[in-house]
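Protein chains: 2
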Amino acid sequence: MAADQDTGALAAYLRAQATEFLRALRRHRESGPGTSTAPGTGPGTNGTSGPGRPAAAEDDVDAARALRRAARRISGTLHTFQPLLDPDWAEGMRPELAWLSGTLALEHAHASRLERLLQALHRLSGSSALPAPRPLGRASGAATVPTGVPVVRQAPPDRGNLTVGAAKAGALLDRQLTLARTRAHSTALQALGSSRFHAVADKVALLASEVPLRLTGHPGRATAPETAPFDLRPLAAAAHGRLTDAVAALPLVAAGSPYNAQALVHGLSPDPAPHPQDAPWHQVRLLLRLHRYALEALAGGDAGSAGSAEDTVDVRLLAAGEALDRHRDASEAAAAAAQAARTPRIAPATAYALGVLHADQRHEVEAARYAFQHSWRKEPIRLP
Amino acid sequence: MAADQDTGALAAYLRAQATEFLRALRRHRESGPGTSTAPGTGPGTNGTSGPGRPAAAEDDVDAARALRRAARRISGTLHTFQPLLDPDWAEGMRPELAWLSGTLALEHAHASRLERLLQALHRLSGSSALPAPRPLGRASGAATVPTGVPVVRQAPPDRGNLTVGAAKAGALLDRQLTLARTRAHSTALQALGSSRFHAVADKVALLASEVPLRLTGHPGRATAPETAPFDLRPLAAAAHGRLTDAVAALPLVAAGSPYNAQALVHGLSPDPAPHPQDAPWHQVRLLLRLHRYALEALAGGDAGSAGSAEDTVDVRLLAAGEALDRHRDASEAAAAAAQAARTPRIAPATAYALGVLHADQRHEVEAARYAFQHSWRKEPIRLP
Chain A
1 MAADQDTGAL AAYLRAQATE FLRALRRHRE SGPGTSTAPG TGPGTNGTSG
51 PGRPAAAEDD VDAARALRRA ARRISGTLHT FQPLLDPDWA EGMRPELAWL
101 SGTLALEHAH ASRLERLLQA LHRLSGSSAL PAPRPLGRAS GAATVPTGVP
151 VVRQAPPDRG NLTVGAAKAG ALLDRQLTLA RTRAHSTALQ ALGSSRFHAV
201 ADKVALLASE VPLRLTGHPG RATAPETAPF DLRPLAAAAH GRLTDAVAAL
251 PLVAAGSPYN AQALVHGLSP DPAPHPQDAP WHQVRLLLRL HRYALEALAG
301 GDAGSAGSAE DTVDVRLLAA GEALDRHRDA SEAAAAAAQA ARTPRIAPAT
351 AYALGVLHAD QRHEVEAARY AFQHSWRKEP IRLP
Chain B
1 MAADQDTGAL AAYLRAQATE FLRALRRHRE SGPGTSTAPG TGPGTNGTSG
51 PGRPAAAEDD VDAARALRRA ARRISGTLHT FQPLLDPDWA EGMRPELAWL
101 SGTLALEHAH ASRLERLLQA LHRLSGSSAL PAPRPLGRAS GAATVPTGVP
151 VVRQAPPDRG NLTVGAAKAG ALLDRQLTLA RTRAHSTALQ ALGSSRFHAV
201 ADKVALLASE VPLRLTGHPG RATAPETAPF DLRPLAAAAH GRLTDAVAAL
251 PLVAAGSPYN AQALVHGLSP DPAPHPQDAP WHQVRLLLRL HRYALEALAG
301 GDAGSAGSAE DTVDVRLLAA GEALDRHRDA SEAAAAAAQA ARTPRIAPAT
351 AYALGVLHAD QRHEVEAARY AFQHSWRKEP IRLP
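Top to bottom, those sequences are chains A and B.
Numbering follows the working numbering, with no gaps: position 234 of the first sequence is 234.
Numbering follows the working numbering, with no gaps: position 218 of the second sequence is 218.
Think of the hints as simulated: they come from the structure by calculation, not from any bench.
Any given hint could turn out to be false.
[Stated by the list, open to error] Think about it this way: if two alpha-carbon atoms lie no more than 25 Å apart in a straight line, the pair counts; the simulated SDA-like pairs of lysine to any residue are: (1) A/378 x B/257; (2) A/168 x B/345; (3) B/168 x A/265; (4) A/168 x B/269; (5) A/168 x B/346; (6) B/168 x A/374; (7) A/378 x B/345; (8) A/168 x B/378; (9) B/168 x A/378; (10) A/168 x B/347; (11) B/378 x A/374; (12) A/168 x B/275; (13) A/168 x A/345; (14) B/168 x A/346.
Let's have the full structure, built from the sequences with the hints guiding it.
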């Protein structure tokens, strides 16, 4: 095992992720390059878009997700294993990848937040049917939503089950989050057409063929032959250490006691940023992700295909990560509901529904913390 | 043990409870007979009230609680052991006791509901200080609150910590629930001065000296000498059976899974009575109480003093009962918040705070169910 864990494994992993990135980018371009069709601007303007295949939009959503996924992994690996890499190259690359994945993630975030809030409104109204989200310009099939969210289509909404307040709250959130999504969509389109993006893509293309390790990047400073194995494990262990330290600082005992009502404390606080308690959990979410990527890199280049990479990671680690994703999503959804309630001149019934929704999402936050500590306690994470 | 469990034990228990009732009534009359001082009508009108001792009001709150307590126990015992008692007497007595304890409980219920909601508003605002409730006419010490709630006095409220919405919601609830309390107070005063009440008190006074058992009540139907032991256990077991049947019908598996989000389903339902799911739990609460009283009666007349009676009952049974009390309180507090949100012309911020409060209390409902199943599962209730 030790023989595998050298810079060769790291280089193979980075090359594999770079290849994934380029493949996703090609799929994205094939499924329909960015047109000016933004979500919410009406039934799909089927004009300038690509091949016009019905499956194009869905392909494109997948492609955008794969693009984000690869960008996150390259960026995270650069962070964890930076001492083994060409420092100038790594330092120049990381902020660009962070910019890219951040920009691409935003549209998805707004869309899934709206989805989550509308679902919650229906659940709170005793209706199990998923609400039909506002049409996003995909009616003609070929209209593209380059970085969209996979929307689960179900039966039309049973609006009769909603109170006036819940219906109005849903409409308000729909309006606000669709607007935010539209803006994020335009920003993503601009980003994908920018020279900044092309520079990143060129760098990733280079990475797919050659990884600039510190030894090769700085031949003058090379102290060992290029093929000498360098142990990745201390750096992976350091990433793991940062994670366990951050987890140790979390209030896990409180989180493990169900219905502790912690997440909603300050729920009515006049402080506009009332939930600093969420930040350490968000931080652990990022550190857990870095730890996972480090494990993938240790496993080496055979982690190139998405499936096999995740197979090498403990299922319970994934469960903990999913709990923290849910924590983040619920935290941001709660903030969106609180934000919507500050809209001037809304009806009291709308505000009431938004209050219930806010509290509901804060309890989701608490539930996610409970789920996290449960997964975490169940199986301590072992570094292979 | 079997020798104790005869009608003699039943009679002793009923006599002891009747004595408690009369003692509480005397304390209530001594600590200050009903004046027209209702809560919220201003600083205590120290006119016509009793001895004017500073501790009078507190005494009276205790006395009112003891009165309700004894009335519930007599009524419950009459229900469970009715076949052993004079049927005409028992049938005539029970509705009167139910009327009395219901009437006396109402003021307490409104007061503690307000207390609970204001506390929750402060907790949700991140302020741990208990809000100072509206002065209830006790400022002069001697002003009486015959059936009031024991109010825990703490530091003055930190209103600066409340948002406008939370403060307005608190003021609205204060207004509405204090009005309801004032009405309940007047009703209780009228009840305690009514001939109907005096008739009940007379009957209880008779009970304190002689319990009308079926044998003595209907000498013609007597089939055994008056002193023959009659086993109470089958009737107590039947009460226990009704309890376990009702518990078995509860969704305990769901309740045992924390954060199941069941209690808030229908939280935004247009149905004005959106929580029929609470009813079986309320029913179990009543059956659990009857079971406890039956255990007390089996233990016999030595259960006369409150402390020793409760000592004979499993602590975990008490925990289960407390969880169900909390369930009922939170359910009704949530309904009061929802009701207040329907007040016309309230500000959106007020409605929002009431929505958060409603959801918070519904989660308290869920937490209470979780606590109940926990106590219940921990220790199956054994009939001694």
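Verification of the hints:
no., hint, in the structure
1, A/378 x B/257, "17 Å, holds"
2, A/168 x B/345, "17 Å, holds"
3, B/168 x A/265, "18 Å, holds"
4, A/168 x B/269, "14 Å, holds"
5, A/168 x B/346, "17 Å, holds"
6, B/168 x A/374, "39 Å, violated"
7, A/378 x B/345, "51 Å, violated"
8, A/168 x B/378, "45 Å, violated"
9, B/168 x A/378, "45 Å, violated"
10, A/168 x B/347, "16 Å, holds"
11, B/378 x A/374, "21 Å, holds"
12, A/168 x B/275, "22 Å, holds"
13, A/168 x A/345, "12 Å, holds"
14, B/168 x A/346, "17 Å, holds"
Violated hints for the displayed structure, listed by number in ascending order: 6, 7, 8, 9.
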